[in-house]
Amino acid sequence: MIKVKNLTKVYGDRKAIDNLSFEIAKGEVVGFLGPNGAGKSTTMKIITGFMAPTSGEAMIGGEDVFENPVAVKKKIGYLPEAPPLYPEMKVKDYLKFVAELKSVPADKIKEYIDYALSATQLNEVAHRRIENLSKGFRQRVGIAQALVSQPEVLILDEPTVGLDPNQVAEIRSLINSLKGKHTIIFSTHILSEVQATCERYIIINEGKIISHKSLVSEAGASQKVIKTLCFNESGMNGLVAKLNSLKFVNSVKVNGKELIISFEGESSHIAELSKVIATSEAGLVSFSIEQDSLEDVFIKLTSKKESKDGGNQ
Amino acid sequence: MRAIKAIAWKDFKTIVFSPTFFIIAFLCSAIWGSNFMRAVIQFAYQSSNPMQLGGGNLNLHYNLFVSLVSFVNIIFIFAIPAITMKLISEEKKQKSYDLLLTSPITSTDIAVGKFVAGFGVSLLLIGITLFYPMLLSFFAKFSWTVLLVAYAGLVLVTALYVALGLLASSITQSSVLSVILGIVFNLILWLMAQAAMSAKGSAAVEFFEYISVPNQLYAFLKGTMSVGGLVFFLSVIIFFVFLTQRMIEATRWR
Ligand SMILES: Nc1ncnc2c1ncn2[C@@H]1O[C@H](COP(=O)(O)OP(=O)(O)O)[C@@H](O)[C@H]1O
Ligand SMILES: [Mg+2]
Numbered sequence: 003m004i005k006v007k008n009l010t011k012v013y014g015d016r017k018a019i020d021n022l023s024f025e026i027a028k029g030e031v032v033g034f035l036g037p038n039g040a041g042k043s044t045t046m047k048i049i050t051g052f053m054a055p056t057s058g059e060a061m062i063g064g065e066d067v068f069e070n071p072v073a074v075k076k077k078i079g080y081l082p083e084a085p086p087l088y089p090e091m092k093v094k095d096y097l098k099f100v101a102e103l104k105s106v107p108a109d110k111i112k113e114y115i116d117y118a119l120s121a122t123q124l125n126e127v128a129h130r131r132i133e134n135l136s137k138g139f140r141q142r143v144g145i146a147q148a149l150v151s152q153p154e155v156l157i158l159d160e161p162t163v164g165l166d167p168n169q170v171a172e173i174r175s176l177i178n179s180l181k182g183k184h185t186i187i188f189s190t191h192i193l194s195e196v197q198a199t200c201e202r203y204i205i206i207n208e209g210k211i212i213s214h215k216s217l218v219s220e221a222g223a224s225q226k227v228i229k230t231l232c233f234n235e236s237g238m239n240g241l242v243a244k245l246n247s248l249k250f251v252n253s254v255k256v257n258g259k260e261l262i263i264s265f266e267g268e269s270s271h272i273a274e275l276s277k278v279i280a281t282s283e284a285g286l287v288s289f290s291i292e293q294d295s296l297e298d299v300f301i302k303l304t305s306k307k308e309s310k311d312g313g314n315q
Numbered sequence: 024m025r026a027i028k029a030i031a032w033k034d035f036k037t038i039v040f041s042p043t044f045f046i047i048a049f050l051c052s053a054i055w056g057s058n059f060m061r062a063v064i065q066f067a068y069q070s071s072n073p074m075q076l077g078g079g080n081l082n083l084h085y086n087l088f089v090s091l092v093s094f095v096n097i098i099f100i101f102a103i104p105a106i107t108m109k110l111i112s113e114e115k116k117q118k119s120y121d122l123l124l125t126s127p128i129t130s131t132d133i134a135v136g137k138f139v140a141g142f143g144v145s146l147l148l149i150g151i152t153l154f155y156p157m158l159l160s161f162f163a164k165f166s167w168t169v170l171l172v173a174y175a176g177l178v179l180v181t182a183l184y185v186a187l188g189l190l191a192s193s194i195t196q197s198s199v200l201s202v203i204l205g206i207v208f209n210l211i212l213w214l215m216a217q218a219a220m221s222a223k224g225s226a227a228v229e230f231f232e233y234i235s236v237p238n239q240l241y242a243f244l245k246g247t248m249s250v251g252g253l254v255f256f257l258s259v260i261i262f263f264v265f266l267t268q269r270m271i272e273a274t275r276w277r
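Residue numbers (my numbering), protein chains in the order written: chain A, 3 to 315; chain B, 24 to 277.
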């Protein structure tokens with residue numbers, strides 16, 4: 003559905019994104035994860051046809067965004083970083099205006115507005131002026147605006163930023179409720195957001211894709227991480243070698259007396275791992291199963307950036 | 024076409040219901056009203072004076088309506104940029120520009136829709152000024168045809184100010200800067216007439232006279248409508264709307 007190939011955007015002498023390539027299939031919900039300044043918004047602005055890339059191409063439904071802008075934009079609902087609202091307009095009038103811009107057929111406008119209003123639970127404020135709404139409501143109007151043309155593709159740029167925890171939970175469940183109806187790509191710098199709503203994630207940092215994985219592997223089991231603390235360092239080398247020889251283990255990292263093992267997380271694998279570790283020379287102190295490897299990847303990525311920045315100063 | 028209508032109607036309502044428009048409309052009617060009253064009193068005094076030449080219809084047109092429309096024109100040089108100031112600059116500032124630029128519409132749709140909105144609001148202001156001749160028609164006889172030709176000139180020159188104000192609005196995010204730029208553009212139009220006077224050679228003089236807005240407007244005010252004048256105004260208006268369209272298009276290729 004969405005195909006991005008060798009996308010590069012240079013602002014002045016600064017590369018915001020660097021040779022980005024990825025594909026998103028129809029119906030997927032994909033999290034676009036990265037720290038601030040990673041290039042998430044820049045990528046989305048190019049996919050939505052807001053601005054042209056320096057080089058590379060973006061396609062939606064097989065059509066190039068910059069060769070057939072009008073046709074492509076009909077398929078997209080887009081929530082920019084700042085919701086594109088007119089403060090003086092009433093919510094319903096605003097949605098009607100957007101529906102007309104998106105060339106929703108005249109006989110469908112009413113139905114589509116009602117759909118967007120109820121999907122975002124805005125019915126009770128439909129006749130209020132946007133400037134009088136709270137931030138959470140305004141964000142929902144922003145999402146309603148993206149939904150109102152019932153587009154095939156939804157592109158949401160940090161839909162939960164600046165909201166309080168309750169509002170964040172609401173937006174998350176809204177995105178969950180939209181699964182299956184649209185192909186969704188949304189950006190965030192918060193890890194738990196991706197875990198709560200996505201089937202797949204793309205981690206981007208300094209304009210490059212760092213990691214590109216499905217949260218659900220083919221077998222239906224997600225990748226898991228076990229952290230083990232040992233008391234006998236001399237026995238650890240043998241244990242690491244043994245763990246690495248197991249087929250379902252992806253990687254083993256040694257951190258002092260701690261081992262971080264990531265593997266394909268099926269229950270039979272956990273049983274086998276615990277047996278191997280418990281019977282080894284290293285001596286088991288503790289054994290804990292982490293949620294999955296995403297957190298590790300993300301923390302490593304962001305902390306690396308911080309230490310690098312620190313080194314520059 | 025539908026997008027043009029949607030944009031034009033949205034912006035028209037936004038301007039008409041804004042305090043800025045209310046203030047401008049109020050000030051304009053106050054200024055024009057008092058100015059017109061003074062002109063009427065002066066005209067009545069002069070025509071009752073036996074030393075003046077007789078006061079036919081044409082005289083009334085020259086003494087009252089030409090000065091009314093010229094005066095409205097002068098006010099518009101400053102008022103129209105205040106009407107058009109937010110048309111594009113505010114979209115940029117409020118980030119709603121992102122919506123327009125990612126909608127399945129062309130830059131031409133945006134430029135034309137916004138021009139129509141600004142022009143529509145200006146027609147409301149012009150409508151206010153029609154009140155004075157209507158009032159006068161109860162007391163005096165005059166030629167409506169000649170007056171309407173003068174108004175056609177006013178409508179055309181106003182549309183030109185709208186196009187220039189729109190261009191100014193597409194250049195900046197600040198509405199203050201947008202007003203100032205718009206006024207400067209309008210003044211430059213009028214100052215260009217000076218070039219006609221200093222031009223040498225008959226061909227050059229003819230050319231500068233043709234592109235001189237005051238000359239073209241004055242022909243309409245006298246009651247002579249020419250195809251040349253119409254073509255002049257329409258082509259200059261289209262040219263500046265086109266420049267605005269280029270400005271919008273340029274933001275996509277930064
Ligand atoms: N209009 C712009 N002009 C210059 N630099 C920009 C502009 N927009 C973004 N950048 C830079 O490009 C990089 C990526 O920005 P952005 O795509 O907004 O990141 P994110 O959305 O992931 O926070 C940042 O370093 C940012 O400073
Ligand atoms: Mg961003």
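Derived by calculation from the structure, the hints in this document are not laboratory data. Note that this is a predicted model, so its numbers are computed, not measured. A few of these clues could be false.
Calculated cross-link-like contacts (lysine to aspartate or glutamate; reagent style EDC-like; alpha-carbon spacing at most 16 angstroms) [as the list claims (entries may be wrong)]:
| hint | chain 1 | residue 1 | chain 2 | residue 2 |
| --- | --- | --- | --- | --- |
| 1 | A | LYS94 | A | GLU65 |
| 2 | B | LYS115 | A | GLU83 |
| 3 | A | LYS249 | A | GLU235 |
| 4 | A | LYS244 | A | GLU274 |
| 5 | B | LYS116 | A | GLU90 |
| 6 | A | LYS7 | A | GLU65 |
| 7 | B | LYS36 | A | ASP95 |
| 8 | B | LYS118 | A | GLU133 |
| 9 | A | LYS7 | A | GLU90 |
| 10 | A | LYS94 | A | ASP116 |
| 11 | A | LYS98 | A | GLU83 |
| 12 | B | LYS36 | A | GLU90 |
| 13 | B | LYS116 | A | GLU83 |
| 14 | A | LYS183 | A | GLU59 |
| 15 | A | LYS7 | A | ASP66 |
| 16 | A | LYS5 | A | GLU25 |
| 17 | A | LYS181 | A | GLU201 |
| 18 | A | LYS28 | A | GLU133 |
| 19 | B | LYS118 | A | GLU90 |
| 20 | A | LYS137 | A | ASP166 |
| 21 | A | LYS76 | A | GLU133 |
| 22 | B | LYS118 | A | GLU126 |
| 23 | A | LYS7 | A | ASP20 |
| 24 | A | LYS5 | A | GLU83 |
| 25 | A | LYS5 | A | ASP66 |
| 26 | B | LYS28 | A | ASP95 |
| 27 | A | LYS98 | A | ASP116 |
task: Tell me, in ascending order, the numbers of any earlier hints that this structure violates.
output: 1, 3, 9, 11, 14, 18, 21, 22, 24
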